[in-house]
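Using the sequences and the accompanying hints, generate a full structural model.
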Amino acid sequence: MGYFLDRLSYFTKKRTAFAGGHGMLVTDSRQWEDGYRGRWRFDKIARSTHGVNCTGGCSWRIYVKNGLVAFETQYTDYPCTRPDLPNHEPRGCQRGASYSWYLYSPHRIKHPMVRGRLLALYRAERESGLDPVAAWAAIQQDPDKRRRYTAVRGLGGFVRATWDEVTEMIAAANVYTIQTHGPDRIIGFSPIPAMSMISYAAGSRYLSLIGGVPLSFYDWYCDLPPSSPQTWGEQTDVPEAADWYNATYIIVAGTNLPMTRTPDAHFYAEVRYKGAKVVAVAPDYAEYVKFADLWMPARAGTDAALFMAMNHVVLSEYYIARKEAYFQEYAREFTDLPMQVLLRALPDGCYAGGRFLRAADLVASLGQTHNAEWKTVVYDTRAQAFACPNGSIGFRWGEDGKWNLRPEDAADGGRAIEAELSCAGHETVMVKVRFPHFATGESDTLERQVPARRIRLADGREALVSSVFDLLAAQYGVARDADAGRRAALYDDATCAYTPAWQERITGVARADVLRVAREFADNAARTRGKSMVIVGAGTNHWYHNDMNYRSIISLLELCGCVGQSGGGWAHYVGQEKLRPQAGWAPVAFALDWARPARQMAGTSFFYQHTDQWRYEKVDADSLLAATAEGRYRGHSLADYAVVAERLGWLPSAPHFNENPLTVCARAQGAGAGSEAAVAAHVAAELKSGALRFASEDPDDPANWPRNLFVWRANLIGTSAKGHEYFLKHLLGAQNGVLGRDSEGRGHREITWRDEAPIAKLDLMVDINFRLNSTGAYADIILPTATWYEKNDLNTTDMHPFIHPLSEAVEPGWESRSDWQIFKAIACAFSELGARHLGVRADLLAIPLMHDSPSELGQPLAVRDWKRGECEPVPGKTMPQLRVVERDYGAIYQKYIALGPLLVKEGNGTKGLSWDTREAYEALGDTNHKVTLKGVAQGLPSLENDIGACEAILALAPETNGEIAFRAWRALEQKTGLALTHLASARRDDKIRFRDIQAQPRKIITSPTWSGIESEHVSYAASYTNIHERIPFRTLTGRAQFYQDHEWMRDFGEAFCAYRPPLDMKAADSMPAALKDRPHLMLNWLTPHSKWGIHSTYNDNLRMLNLFRGGPTIWISEDDARSIGLADNDWVEAVNANGATVARAVVSQRIPRGAALMYHAQEKTVNVPGSPTTTKRGGILNSVTRVIVKPTHMIGGYAHLAWGFNYYGPVGSQRDEVVLVRRLDDTEIDWRERPLDDAREAALDPPRRFALGEEGP
Amino acid sequence: MNVNLLLFGVYPYIAGTVFLVGSLMRYDREQYTWTSYSTQLLGSRRSLTWGSNLWHVGVLFIFLGHFVGLLTPAFQWLHVPPVAHQWIAASAGVTFGLLALIGGLMLLARRLSNSHVRAASHPTDLFILLWLLATLGLGLATQVVTVPNLLAGHVADMEILSRYLKGIVALQPHPELLAHIPWIYRLHLLFGMTLFLVFPFTRLVHIWTVPVNYLWRAYQLVRTRPGIGE
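Those protein sequence lines, which keep their order, are chains V and W. Taking this note's numbering, the leading residue of the first sequence gets 1, the next gets one more, and so forth. Taking this note's numbering, the leading residue of the second sequence gets 1258, the next gets one more, and so forth.
Worth double-checking, as some hints may not be accurate.
[Claimed, not checked] A partial selection of chain V residues facing chain W, derived with a Cβ cut-off under 7 angstroms:
#	residue
1	Gly2
2	Tyr3
3	Phe4
4	His22
5	Gly23
6	Met24
7	Leu25
8	Val26
9	Thr27
10	Arg30
11	Asp34
[To be verified] Quick look at which bits of chain W chain V covers, simulated, 3 or more residues with Cβ under 8 angstroms:
#	stretch
12	1279–1286
13	1473–1480
[To be verified] Far from chain V, by Cβ distances over 12 angstroms, these chain W residues were calculated:
#	residue
14	Val1267
15	Leu1444
16	Thr1466
FYI, nobody ran anything at the bench for these hints, they're computed from the structure. Positions of the beta carbon are idealized from the N, C-alpha and C atoms, including for glycine.
Structure representation (structure tokens):
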């Protein structure tokens, strides 16, 4: 009955009173309740997650109603934790809960789209009868035709095309590029495989098969902490969030847990109820500060000063005043503190720290016959002699059974030793040592007294050696011989670097607080065996000298024995880097099942070179050198250092050379080079003679330009483009706001300078996305991809130990396809053209001396540069490995859809281990079906569909296949001589399949890929197996390293951690008078993550925009705002040499003076007006940043300092920028919404009147 | 058909039918739209409190006055002479009409000036408020004719109007009665009848379901599930 009729029940209504008439039982219609029941009635619920770099990795129910995704809610069926540990769930946040909006939003890319002018050109060429490749060539070889479409990038004008047509265009462009320029000119950018592994692998597999170049991203994002590989040889390994609950003392520095780690923040709250003390270090009153017992408001970028002052206190009180037994034992066995360092004489009679003493330096190499130059030395107090302990990197390669951390002498039959921390008081001399010092306004070295031993080396020379500990204590200025009272008095000496009083001036934090926190932190660690934790993040890590910030913190943790202990250690959460089934994923992702090695490139040095940001470099590399530097590369620019690093084989170099690698290889083979080694020798000779040059020596030569760029799962041109405007200007040739002069970086030693800067290096940019963002706007082709609720994929995170699926709740909308299917289609179109135009070719790869491979043992004692004639160019030793890979360009599709035979022939492995995968491989053939297509792939396990690809990863990875885990541990057992299979034997029969994780997130299996264990007794904690199983850290010494003895590290003053103030980027130095004469602020530019759009949904989501201001904002302190008459919600412009950005001001008392905070990832496509200064679209957070590289990050071929993809390498920092911020009147706001005319199209650059260094109007 | 018949003989029944059938349909089909669309949460509490109370008190009494005075023989039963009846009606009407007018204008000002309320307004919210105010204004304007007539002792127009309305309600329409009535009354009538026409499409539907039973119902109501507890 109807609602109304149901109410006509007066006579039939029964009413029963109860509670004395206060209550009434009625029989009214309850039909209205159906509305609520209908709300919770669905076609189906699927389990998926958000394939983004938010680290959440949360399990979500996706509700499908009437065939459409209606909304999502949190799943709450995670496996339980153990007693006395809160569960992980509910996981998810407001951002994830808003995601479903995108599926049917106006931003959705629904069809393949092509820049209209390009499509018209292409169709015209095709209609004139040209073959696709010839058609593409005709466009590229005519500069006018090319400019017609490159000059309007970013200005709209997309039209629809069919899948067949776009895949043909892309394939034609790729084939043309391979033919004309080389496969290493085809670039791909996609970040964070862990967020959707199959989607990442789709593009990287295609690129790897054709010889293209996936770029690294973790370093480019500056989420990679170089301090981690520097200290532990480990990319990043951190405790899961649940381990916070095991801590009893926590310092949080520069990571806004409740805001950006929302699903995990409950552990942060819960552990306080358990009694843990929480200290927050933050320049602003951030959300996480509210949880803290103590707030240390250190000025932005000064964390190192703060933590080094704490280290001073810990050294003084726990190592000198009294010797805390736990710390001593930990330091001796698991850190490099007892390692001996040669002292290097300086001209003034003082000394500086030199390199580590090696076994090879001593008589008879201390009994070491193998890799003795790579084995470090301690002083054994039992034998009163120097000894070579197990575990240093020399034991890792070419020798089995001694690469472990047992405190044993490697030579003397495994005799137990006790490494001496300090030689003070034993047969020593005191010498003056200078330590590099960088604090503003202070002396450039610290002169300190250090106890040392005088020894005679194998070559007869006399030398002074001291332990790392003795040097460290001296650097910190800890008074060794003084009484406790005098040491305490030193705390108040502001003239002595690294004391609590000294840091007060730099950080603004009260010395009493530093003293108290240092004591509490250490005391807690001593009582609990290391349950003190520091949680850190981008706020600390995104600085140019981020490694100094982090190493200061890591030093505190190492001194207190916290690393590797449950509830303790270094918890760095920046980016979802934890690709748990990595070892199973890598062969699929980089097509290592078909050819090895794969071509890869370091993102930061690539973008520094190819967006021509180096041309604007104002920072002089010499100004970064330490006063004690040998400085054999003095006078080199930062870009020059990158060239040196590439030719020494330290950094990768794609594009490799100034010629097509196919041509180079063919020439070598034509000259009679039959084997790979002969080709390598031929190429090395050509390089030495100068006949062949590295592309990076002349990045502006059109022969060296990258030509095709694929971007998928990324916002490369938008939020990820540090130096956004330079990308627009040089890489894309689009309208840009670059204000600085491009001749700043003119002075170079290694690079050819060209007066004419290149415009529009890229022939083709393809963006694959489900939404039109700041990247797609600049692409030539946009392909519609499946959303996170429309595809099958895998997802893992460092925040919890579970592996998650993404599931296809509904079929991909409109014409979209999953990334796996998109690249499959491109591969298919490519194969057809490739067979016709390319055939079978030999490709030459220049591969750096890779981390975790024998080639990481490059040059042990000093840097020798073949180009300078200091040594011979030896591929794989003093220069890159030169490898030959055969490419059948007609079989790309077949190889894409099948798991290749190399997995059986050569096995699989990771991190220097390898194991047999035959059984897993054969089982996959049965479960995935076998390819029936005739050709190389016939009969091989199929990867045709997405789930098949997921199954392949799960079957090959030790984390998801117990048998593989067991074998991996057995491989490591052999290497280390330790018993390790017990870590996985309980789960040896476990096999996690895709349908399993769709049923419930599954906890992974303990694997040697990672340093923590999955157990019913402890939470995942990084370095756990290093400490508890005595597996060495993958560093030179095998221990956690305080000391970095590489020549460049010493040159740049970073052998030890030192406080280095934020770098002066000089971008706001010469602002035009037109800007400077009006009220303005000069502010430090901070770009943290926000509450309304980290990654799980973006800042263009209507729901998020509704929650806060509806468009881009910049936060400014109340006092600063008042000083220039700025009111909340006024328009502001931020300008510097890099460009300008326009946004609304958020005026808040939360922000400290001197800082402008623009939250990351605000899109250029939403409510961004023009900038009055550049007259171009107002820009984004990166319009005022420019990337700058750090030479110490380029070191390679040196044990832990060796390049690995996303593992070590230059990072793209962006926190040191200063901007001019001024208020804009509403009348100055121009939305720039008018038709494109010729004048506007021609004016790519901002008008000269505002260009820097010249006067304004 | 002449216009008078169309406007005052046919139109009232169209408006009345739409009013009743429309309300019924909306109640049955669009339960989730059956609301007063209160903007109380969105701010300007002071002007809302005063405006809303003045408005509702004024309008309720005017409705009561129209109903009792024009449709019931209450005054005849009480032996109130027609002139006195009209004086009472006019004075009460003006009094409450002014209260409602003040309240209504306050609500209008709030709806236009408070950006949150404006953003939350459906176009019909503004329309119905303006229409009500126009009808109210016309009603007050009729006094320009009524009061001089009263001073002269004439109540004929009012009695004709009363007879006309009773005829409409009794399904015996006499539109010809209005042929010589001053236009201001007719205009007020047309606006008033149109209110009924648009009623089901606006927030006015809340009038049907004013929860007056809260005044006497039990504190706690517990519903049975069909088949249980009966």
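Outcome of the hint check:
1. With its C-beta approaching chain W no nearer than about 4 angstroms, V:Gly2 sits inside the 7 angstroms limit, and its interface hint holds.
2. Given hint, V:Tyr3 at the interface with chain W, holds; its Cβ is 5 angstroms from that chain's nearest Cβ, closer than 7 angstroms.
3. Because the closest C-beta pair between V:Phe4 and chain W is about 5 angstroms apart, less than 7 angstroms, the hint holds.
4. About 5 angstroms separates the beta-carbon of V:His22 from the nearest beta-carbon of chain W, less than 7 angstroms, and the hint is met.
5. Hint on V:Gly23 holds. Least Cβ distance to chain W is approximately 4 angstroms, under the 7 angstroms limit.
6. About 4 angstroms separates the beta-carbon of V:Met24 from the nearest beta-carbon of chain W, less than 7 angstroms, and the hint is met.
7. Checking V:Leu25 against chain W: minimum C-beta separation of about 5 angstroms stays under 7 angstroms; hint holds.
8. With a cut of 7 angstroms, the hint placing V:Val26 at the interface with chain W holds, because the nearest CB-to-CB distance is about 5 angstroms.
9. Taken as an interface hint, V:Thr27 checks out: its beta carbon lies about 5 angstroms from the nearest beta carbon of chain W, inside 7 angstroms.
10. The interface hint given for V:Arg30 holds, since its Cβ lies 6 angstroms from the closest Cβ of chain W, which is under the 7 angstroms cut-off.
11. Against a cut-off of 7 angstroms between C-beta atoms, the interface hint on V:Asp34 is violated, since the closest Cβ of chain W lies about 10 angstroms away.
12. With a cut-off of 8 angstroms between beta carbons, the stretch 1279–1286 of chain W has 3 residues touching chain V; three or more are needed, and the interface restraint holds.
13. For a cut-off of 8 angstroms, the count of residues in the stretch 1473–1480 of chain W with a CB near a CB of chain V stands at 7, and the three-residue condition holds.
14. Listed as outside the interface, W:Val1267 is consistent with that label: its C-beta sits roughly 27 angstroms from the nearest C-beta of chain V, beyond the 12 angstroms cut-off.
15. With a closest Cβ-Cβ approach of about 34 angstroms to chain V, W:Leu1444 is found to remain outside the 12 angstroms limit, as its non-interface label requires.
16. The claim that W:Thr1466 is not at the interface with chain V is violated, since a C-beta of that chain comes within 12 angstroms of its own (minimum 10 angstroms).
The structure does not agree with the numbered hints 11, 16 stated previously, though it agrees with the rest.
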